[in-house]
Amino acid sequence: MRHLSKTGITSLIVGYAFLYLPIVTVIIFSFNESRLVTVWSRFSTKWYGALWTNEGLLDTVLASFKIASMTATAAVILGTLAAVVMVRFIKFRGRTLFSGLISAPLVMPDVITGLAVLMMFVTFEQLIGWPAHRGILTITIAHITLAMAYVYLVVQARLQDFDRSIEEAALDLGARPLKVFLVIVLPLILPSLAAGWLLAFALSLDDVVIASFLSGPGATTLPMLIFSSIRMGVSPVINALSTIIVGIVATSVMIAGILIHHQQKRH
Amino acid sequence: MTTPQNILTPRKGFWSRLTRERGFVIAGPYLWLGLFSLIPFLLVVKISLSQSVMAIPPFHPLFQWSAEQILQIRLNFAAYTTLLTDPFYASAFVGSLKIALVSTFSCLIIGYPMAYSIVQASPRWRPLLLLLIILPFFTSFLVRVYAWIGLLSTEGVINTFLLYVGIIQEPLPLLYNSFAVTIGIVYCYLPFMILPIYSVLDKIDPAYLEAAYDLGCRPWRSFWRITVPLSLRAIIAGSILVFVPAVGEFVIPELLGAPETLMIGRVLWSEFFNNQNWPLACALALVTLVVFVIPFMIFQRFQLRNKEE
Chain A
1 MRHLSKTGIT SLIVGYAFLY LPIVTVIIFS FNESRLVTVW SRFSTKWYGA LWTNEGLLDT
61 VLASFKIASM TATAAVILGT LAAVVMVRFI KFRGRTLFSG LISAPLVMPD VITGLAVLMM
121 FVTFEQLIGW PAHRGILTIT IAHITLAMAY VYLVVQARLQ DFDRSIEEAA LDLGARPLKV
181 FLVIVLPLIL PSLAAGWLLA FALSLDDVVI ASFLSGPGAT TLPMLIFSSI RMGVSPVINA
241 LSTIIVGIVA TSVMIAGILI HHQQKRH
Chain B
1 MTTPQNILTP RKGFWSRLTR ERGFVIAGPY LWLGLFSLIP FLLVVKISLS QSVMAIPPFH
61 PLFQWSAEQI LQIRLNFAAY TTLLTDPFYA SAFVGSLKIA LVSTFSCLII GYPMAYSIVQ
121 ASPRWRPLLL LLIILPFFTS FLVRVYAWIG LLSTEGVINT FLLYVGIIQE PLPLLYNSFA
181 VTIGIVYCYL PFMILPIYSV LDKIDPAYLE AAYDLGCRPW RSFWRITVPL SLRAIIAGSI
241 LVFVPAVGEF VIPELLGAPE TLMIGRVLWS EFFNNQNWPL ACALALVTLV VFVIPFMIFQ
301 RFQLRNKEE
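Line by line, the protein sequences give chains A and B.
All residue numbers for the first sequence refer to the numbering used here, where the first residue is 1 and numbers rise by one.
All residue numbers for the second sequence refer to the numbering used here, where the first residue is 1 and numbers rise by one.
Quick caveat, the hints were computed from the structure, so don't treat them as lab data.
Ideal Cβ placement from N, Cα and C applies to all residues, glycine included.
Hints are not guaranteed to be accurate.
[Claimed, not checked] Okay, the calculated bits of chain B under chain A, using three or more residues with CB under 8 Å as the criterion: (1) 82 to 94; (2) 98 to 109; (3) 120 to 133; (4) 165 to 177; (5) 227 to 235; (6) 289 to 297.
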């Protein structure tokens, strides 16, 4: 018999309050008329209007979305291949190294990842002249490496509890391996690919440290912009911007959550 | 005569029959990881042993062909001796360690009861309660850190409230110190503690506890003697997931800490961007990896292997 005790309910209320109070405060004060960030005067949407007229902001948002969508797409392809390799090919040369490399970004501090990838680009530039400058491309490459690890986790979990006999049956009936993958495996893991895509997208849109190491003059991402404006002081415009970001990210995570949930229910 | 076993012997999986495509499938991700994950770290090792100079890039090459066709290798350990001898770096390590330990412990104190209560909740509510744990984790890291500035500052929500109620007469200095950094880290990494603990607690067979109750064991005692030991693995996993990124954290101490709040991530950042000392930044990254990251990764893998067996 399971039921919640009073201490259980208290710990949940305190815990969720701790998790949501800061975010709710930001959202509330984004509708505050006053220039002072924490003194409420009256309801207003003028800070959202201020966002529209902010020039450089739109370019930054565009660059960030470009990086995030390229990251997500490439990370889903590479992460899925990696998951197939780890789950289905039990033995191959360098398996231990491979599994270490794929999961390393999950625990590596961002400053170290950013520094290391930058050192590589600097060395490449010296040796072969590529990349000529740092910007969207270099940030995207680093983000793909990071996001790949997360896509790998999601897809690998799905492939692991997946009945292999369907694949075997199709193969016995004469289907070619590639066709089996495209017609049978892919549709079955599609929801986790979608979830992985959204996860990678959110990760890329959230990173400030790696992007700072790998961006050059003229390439600024949205988190970099927010980070530097927070350092200069708190402003109600950031509240409005944060609220929009919370809205977008929360929606995509909920969609991802629903996709994963549906899949678990079906199987 | 063929025995039934021979007929029923499981066929080789079709993935392993895919000999040609197999190599191709492995090559893609392997090449990518080798190029953009393994090589960067080898280069960090190399550059940490170079000499720092005023140039672009700001370090002296490690390998050089001299005129007489001799390969010169100049290993420079200056970065490492600086790390060892300058107390500044030692205090950065100690500072990071302290904040990371306190944060990890606080996450455990807040996270364990929450994970435990979610498991106790009715199955209908559990998915929603879990989603509510994960949701803030994805609502932008910067926004979550930024939110605490609004709460903790001198004119912030908490101080305004406490002054209004009359509990305090002077605003409390809550922001720009290691207390604020700890709160920020606990807040941002709490889901990393809750989720592994939840998944293990969820799998504990309630029959163990019922048996204990039947034998006259009190709820608290059975919690300490049965539930906690069975979830020890998850406690360790969650602690590693919080502790390791907390040690190298840069954004949180930068935004919530005092200028003198020393943490490794921040020191590395300023060695790189402000002092342009790339070898020292690389050496700092390596020492951090060797001391704080690699031991835990090995431990984690070791645990996973034990679980599989």
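Hints versus structure:
1. 82 to 94: violated (count 0)
2. 98 to 109: violated (count 0)
3. 120 to 133: holds (count 8)
4. 165 to 177: Not satisfied, violated; 0 residues make the cut.
5. 227 to 235: With 0 residues close enough to chain A, the hint is violated.
6. 289 to 297: holds (count 4)
In summary, the structure is inconsistent with hints 1, 2, 4 and 5 from the numbered list given earlier, while agreeing with the others.
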